[in-house]
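For the protein sequence lines, the chains are A and B, in the order given. If you're matching positions, the first sequence starts at 1 in our numbering and goes up one per residue. If you're matching positions, the second sequence starts at 1001 in our numbering and goes up one per residue.
Rather than coming from a laboratory, the hints here were simulated on the basis of the structure. Misleading hints may appear alongside valid ones.
Said to hold, decoys possible - Here are the simulated DSSO-like cross-link-like pairs (lysine-lysine), alpha carbons at most 27 angstroms apart as the crow flies:
hint : chain 1 : residue 1 : chain 2 : residue 2
1    : B       : K1127     : A       : K87
2    : B       : K1651     : B       : K1470
3    : B       : K1278     : B       : K1391
4    : B       : K1057     : B       : K1003
5    : B       : K1181     : B       : K1216
6    : A       : K2        : B       : K1181
7    : A       : K87       : B       : K1057
8    : B       : K1391     : A       : K2
9    : B       : K1009     : B       : K1057
10   : B       : K1080     : B       : K1057
Single-letter residue listing:
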Amino acid sequence: MKVTSYRAGEAGDFAFTEDNAKRAAAAVTHYPEGRQASAVMALLDLAQRQNDGWLSPEAIEYVANTLEMAPIRVYEVASFYSMYNTKPVGRHLVQVCRTTPCWLRGAAGLTDTCRDQLGIGLGETTGDGQFTLVEVECLGACANAPVVQIGDDYYEDLSPERLSALLGDLKAGKEIAAGSQTGRQSSMPDGGAVTLTELPERAPAEPGRAVPGPEFGDPVSPGPVSPSGEGA
Amino acid sequence: MPKLTIDGKEIEVPGGLTVLQACELAGVEIPRFCYHERLSVAGNCRMCLVEMGQAPKPIASCAMPAGDGMVIRTDTPVVKKARQGVMEFLLINHPLDCPICDQGGECDLQDQAMAFGVDHSRYQENKRAVPEKYMGPLIKTIMTRCIHCTRCIRFATEIAGVEEMGALNRGGHVEITTLEKAIDSELSGNLIDVCPVGALTSRPYAFTARSWELRKTNSVDALDAVGSNIRVDARGREVMRVLPRLHEDVNEEWISDKTRYACDGLARQRLDRPYLRKDGRLRPVSWDEAFRAIAARLDGLDGGKIAALAGDLCDAESMLALKDLMAALGSPHLDCRQDGAKIGAKIGGAGPRAGYLFNTTIAGIERADAALLVGTNPRHEATLVNARLRKRFLMGGFRVGLIGAPCDLSYPVDTLGAGPETLSELAAGTGAFAEVLTAAERPMIVLGMAALARPDGAAVLHLARALAEKFGMIGEDWNGFNLLHGAAARVGGLDLGFLPGDGGRDRDGILDGVHGGDIEVVYLLGADEIDMARLGPNAQEGAFVIYQGHHGDAGAHRADVILPGAAYTEKNGTYVNTEGRVQLGRLAVSPPGEARADWTILRALSEVVGQRLPYDDLGALRQRLVAVNPVFAAVDRVEAAPWGEFGEQGKLDGAPFGVAVENYYMTDPISRASETMASCAEVFGSGRAGEATGTDG
Ligand code: SF4
Ligand code: FES
Ligand code: FES
């Protein structure tokens, strides 16, 4: 119910694709009736993905109309969170973490690498529209510092050389593997376990546990890395 | 009732208060920026920190509920240091531009920095600068001064009900914005008052005066029938600005934009000397000559050929003086309803007062549980009544139905229909809203002038009365029957009987009489809203028109004699608001040039025409006012008016109700002369005009 007066959003040509409209409708059902505004972040994310990675005013006002919100309320949300882009971005959004742990592990060097290799400064987009470079605060993967997020994926344990190779591959249109770039699994200790190297007597396997978990002390396999970079 | 100890003093406070409010009750002042008693609690400025019992850190008193047994200290070194720290942070990005800031001298930040801050700055780095924002013709922004208290956002969203202001970005990058749109609210001027710093200031007033050089006069507003309490700030002979004055039962602490900003119209297009039409042209003359011209015209004229109409801004005193003068001249043709509203009385007899008042009272709206609006857009006709309706809506459990032109009132409204049929159906008990009204314990009806200023107005009034009685709106301690007036003079005029006397003509009768030659002289006391064409093109082919008023508006253009009067800020006058509340306006500046307070003009004229009025000073006139109607003695008191018969059974017209106020920013000679109002009309014009679908009456 509209309890204030405001001008409805001007969504222009923007509208959700059929799939996104379904997803949006599903997101709204997560909240009690009349509280559809709670789905604003989910819808903004959908809109951003649909709109080449950024939220145009039309997209924001479309979301406002969809959720029966005053446009200014949606602008507030969209501008508050750094993960919403309110300006156009390149195909690959390169976000270098600059918070203390990453910085101590050489984040500044990573930024320089990007700058040099892409020929752009912070907040800028390459002429071909392929890359946008920004610095961000803690990405929440400090144990694998330094960290760079490209698109949706994390690239961890980076060195300037490794990052440079990744960027080169991206430029060349190649797939790149996300996650730790030194082959370590998850955030396990670099170079193998240093504590709890010996295991106490193993408890009998629990009934119903189909796949036994790895034993402590087993050699770490550099198995497949999930897109979220958390390791297998 | 929690009992707390504040600075060693024990105090019991009502439940539901915050620590800050409890401290206030205990007489301890807590500095604050974001907290405002009429807005939701934000708790983001931290200026209100106090120490609480064993709590390890100071607490924000505005956001902490007062609890039983709390021990609060506001006078410790920790609190002092906390305040200094907060002050220092607030000032980090605040420019040191007080000497060129319009808020200077009345700035919370300035005052509190003096009282609670440190005397020097340790900040060496660059300050942040924020680009100015456009918020429309009324509000000037200097956003670098903003301390992000969010009061403005909360005011716009909660009180004004206009969700167009917000804070973009976050942390040290926050910017308050309306997205470069003019803020579309008739209450927007109050943003300036709620802003504790000089970030939002008055655009028309910018750089014109310093607050300490202004002469402040407490008065009441006359630009609508709310009777908002105002303070008129003047320098020399010029009104520099108008500010609200607290009156819980009327305007709380807000005023509408017209009340605040139309004051520049007081200095423009003024009638500052008498004029007389000679050879078809108005020429300046002396008072004496003007009076003698009138006396010559009235000489030997039958009283029945003279008529008088009073306008919307008149004070009660001048209307009474004119009424007495007309009686002395033998004319029964008087009317104070220049819009032709069929209210106040049946011709020839006085109707009950309850039949033309906002009986529920403005504060009483908060007790209602359902409202039916008929032919009214309170947002434009009485902005603060609408604000009160919205306040009631926000309390919950309040349904509002509307019969009339659809409009956006800033809260949800069920639009039931457009005209009298819907009202008759509802009165007959059909329709879903009838159930709402039946279920309501204290339902109310609000009739606007658009429902009454039409040929079937008396029938609509009659029907509305029947409806009110049917749905139990009239009870022991509840009267839900309301007329919403738009003119400050109207209720006063009705109270003192500025109405057709025995055999007298009403507005239409007078105007038709001019056409038929039965009326030869028409006295317009500030009446500008009538169709001047009906007075005939000139004194030879129409009426001899005497216009007494303060602005060169429609009436003065048609006039044969102009008597320059005083505007509401230039005289001591009595006004009765739509609730029937008698209030006194006070002289803030003297009238320009040769203009005079209106009753004195009539008193002087009476002598020249040989019908000397029996009062020589305002006191005597006011005594006469009380003698005519004792309600005038009850200043600022609203007494329940007795219920009775009013309205007239009759045939209803099928035409939908129109719109009483077509253009909120231009309703009277003062606002029409105001440049500020003109720019508002331009900016908001398209949107507002879109809502207006009917014609007047
Ligand atoms: S503009 Fe004024 S009221 Fe609004 S947040 Fe800034 S300081 Fe507070
Ligand atoms: S500091 Fe870089 S991920 Fe936490
Ligand atoms: S007044 Fe308490 S935090 Fe602002």
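Hint-by-hint comparison with the structure:
no.	hint	result
1	B/K1127 with A/K87	holds (26 angstroms)
2	B/K1651 with B/K1470	holds (20 angstroms)
3	B/K1278 with B/K1391	violated (55 angstroms)
4	B/K1057 with B/K1003	holds (22 angstroms)
5	B/K1181 with B/K1216	violated (33 angstroms)
6	A/K2 with B/K1181	holds (20 angstroms)
7	A/K87 with B/K1057	violated (41 angstroms)
8	B/K1391 with A/K2	holds (15 angstroms)
9	B/K1009 with B/K1057	holds (21 angstroms)
10	B/K1080 with B/K1057	holds (13 angstroms)
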